[in-house]
Amino acid sequence: MSPTDLRIRALTACNDHLEPWIGPFDEAALRSLVACQLGSGDVLDEWIPRGDTRCRAFPLSPLLHVVSGNTPHAAFQSVVRGLLVGSRNRVKIPSSGLPEFESWIGEIPAELADLIEVRRDLPPHWLESAGAIVFGNQATLETFRALLPRPIPLIEHGPKLSIAVIFQPDEIAAGLVAADILSHDQLGCLSVQAVYVDGSPEQLRSFSARLARALETARPAHPRGVIGLSDSGAISNARELARFRAANGENVALWESEENTEWTVVEDQEPRLIPGPLHGFVTVHPLPGAARLRDGLGPEVRHLSTAAIHPFQDELADRLDALEIPRICPLGHAQKPPLFWHHDGRPPLADLVVWRDRSP
Amino acid sequence: MKTLRQRLLDWMRGSSGFPSFDEAASAVFQHQFEGNAAYRAYATALGKTPATVGTWQQIPAVPTDAFKFRNFPLACFPREQALKVFRTSGTTRDIRGEHWMSDLSLYETSILEGWQHAGLPAPVNPWFLSPPPQEAPDSSLIHMFATLQRHHAPETSGRWMIDGEGRLNVSKLADEGRPVVLFATAVALLRCMESGKSLPLPSGSWIFETGGYKGLKVTLEPEAFRDQVSEAFAVPRDKLLNEYGMTELSSPFYAWSSEDRHQGSPWTRIRVIDPETGLECEPGQIGYLEIVDLANLDSVAAIRTQDLAIARDERSFTLLGRDPGALPRGCSRRSDDLLSHS
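One line per chain: the protein sequences are A and B, in this order. Following our numbering, the numbering of the first sequence begins with 5 at its first residue and continues without gaps. Following our numbering, the numbering of the second sequence begins with 3 at its first residue and continues without gaps.
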């Protein structure tokens, strides 16, 4: 059995721990991922003929992962990929910890344990890694750009936002999008921050009201963590600005939780996409026609990560082509990316290896 | 019969004008409710009208960002009657808030009488680490500086040490032998220090420092910053005066660096709100600062800031700035990220 097969078997033994974060998988799926990404399932272990040369992929190792604390997905996915290619993984988790991830590390099979080290601090020698994957906000990215030595490959996953596009604005859609909004307290790059409805102004209003009811109903199942004063303040400020605009006759309507900031829906006839204050705050807009789609949503489009659409049909997904969104998924699945997904449009494994050739 | 403006001016100057703050506040709220359409609509949406508002605490506060809406100006008069338009700072990419004034008497009286009420020494030898007023006609801060100069040191000239191109020139100040008052923003002071142009001021001098620390290239705690300023300009730490003000207000709040609270004038009130519930905070609790400034007659008296503070009494607060625990975390793009222009 090859070293890659051994790692695949060990990862599959962790299935119960990993599936909630990387989606369902088995040994065959992992082998297929390696083969799809690197062109052959054996190329990490032996020289493979390619045309007039032979080549082999070597993992970036050690590989530094800097993961954020908002959702554990990124940590699991990034590290599983590093393990799959055989890197030695140095994982810097937030100083406040990442319980789900640390729990897995505590039970990790021996075959993988030597390939992974997890710390809440950042030892200086970790900066001398062969490559780095950094998740975080703009300040985090800038910090690591400055800290890491120039020649090493740096894979950045900076702040992104996601949207939902509703072509059939019914009760089912409202329930599904509520989950996409509230999961992980809306702090992930896959969290839906704005909902676009393909329909009349009346349908937009009616769906906004449905969504408000759905958020109210769903909130107890997705309790918020501790929210800072400034986060509450940002939500409160955004609510008051919406109230101000609505009071002054703009096409804006507001639904909000009472006596707290647990959920908020702002319906805005302007389609412009603007990042919100998170923690259960969503805006609802009309979906512009094809000719105005990109301009209508404005410059934030370049920061889009995912669009969750309802119903999930290729011809409807095609209508969003102008937005060039890296991922389109069914509504309700925004925060459940599959194993094979290209995070931010990047290849999941191909970025983690370097190639060596033996040519005649 | 005196106009409301005149009654307020008399009151600010110490003559009897109103029997209580609440009465003055109610009169101002009624004036703004009647004359400021955008504010009236907002207040009405909140169920607040002159019939339901009886105390200053009940006056609805407008978020400062509402001053950025061009379609709904927060003014009690039409644009063409604006004598002055002050704008919030920002780049050409930013939407800047506008505060219109049809008359500067209340604004300037608030500055000068507020200075007296705060017991501040008269700035008879002022120097300004800022551009001159003609280079920044929409800056309320520089208008404030000019107002103080006209009143306290009308004979002085050539005291503006940053030109229209942003160049810093402190050569004349270097020749000064008498104690001075150096008026500056925190950013200008830092620039001066970083460029090696800071200089020891004559004994007896003091510094008026204002503005936030946003925009500084370095992360600097206010205390550490003031230590640096004190050393660079050879001014004792307790001779640094911090002013808390904003374009949307007419009245400043002051604190010497040895004091734990900013104090406002008698025509101001403050309250601190828990943004989660919208209710006023318990004593000692941190929340969002709201200010009622009756000198803001032409616009809106009650302003909701985005600063965290602890209320000390009706006119004073301990300023905490932005909540550091709420800096953006994780990989979700949020409203704060817009600030970084990423």
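Treat each hint with caution, since some may be false.
[What the hints assert, rightly or not] Covered by chain B, according to a simulated footprint, are these stretches of chain A (three or more residues, beta-carbon under 8 Å):
no.: 1; stretch: 99-105
no.: 2; stretch: 217-225
no.: 3; stretch: 229-235
no.: 4; stretch: 261-272
[Stated by the list, open to error] Listing some non-contacts, in silico: residues in chain B with all C-beta distances to chain A over 12 Å:
no.: 5; residue: Leu76
no.: 6; residue: Arg152
no.: 7; residue: Ala155
no.: 8; residue: Pro181
no.: 9; residue: Asp229
no.: 10; residue: Glu233
Worth flagging that the hints you see were computed from the coordinates, not collected in a lab. Quick reminder that beta carbons are idealized off the backbone N, C-alpha and C, glycines included.
Hint-by-hint comparison with the structure:
| no. | hint | in the structure |
| --- | --- | --- |
| 1 | 99-105 | violated (count 0) |
| 2 | 217-225 | violated (count 0) |
| 3 | 229-235 | holds (count 5) |
| 4 | 261-272 | holds (count 3) |
| 5 | Leu76 | 9 Å, violated |
| 6 | Arg152 | 36 Å, holds |
| 7 | Ala155 | 40 Å, holds |
| 8 | Pro181 | 40 Å, holds |
| 9 | Asp229 | 25 Å, holds |
| 10 | Glu233 | 28 Å, holds |
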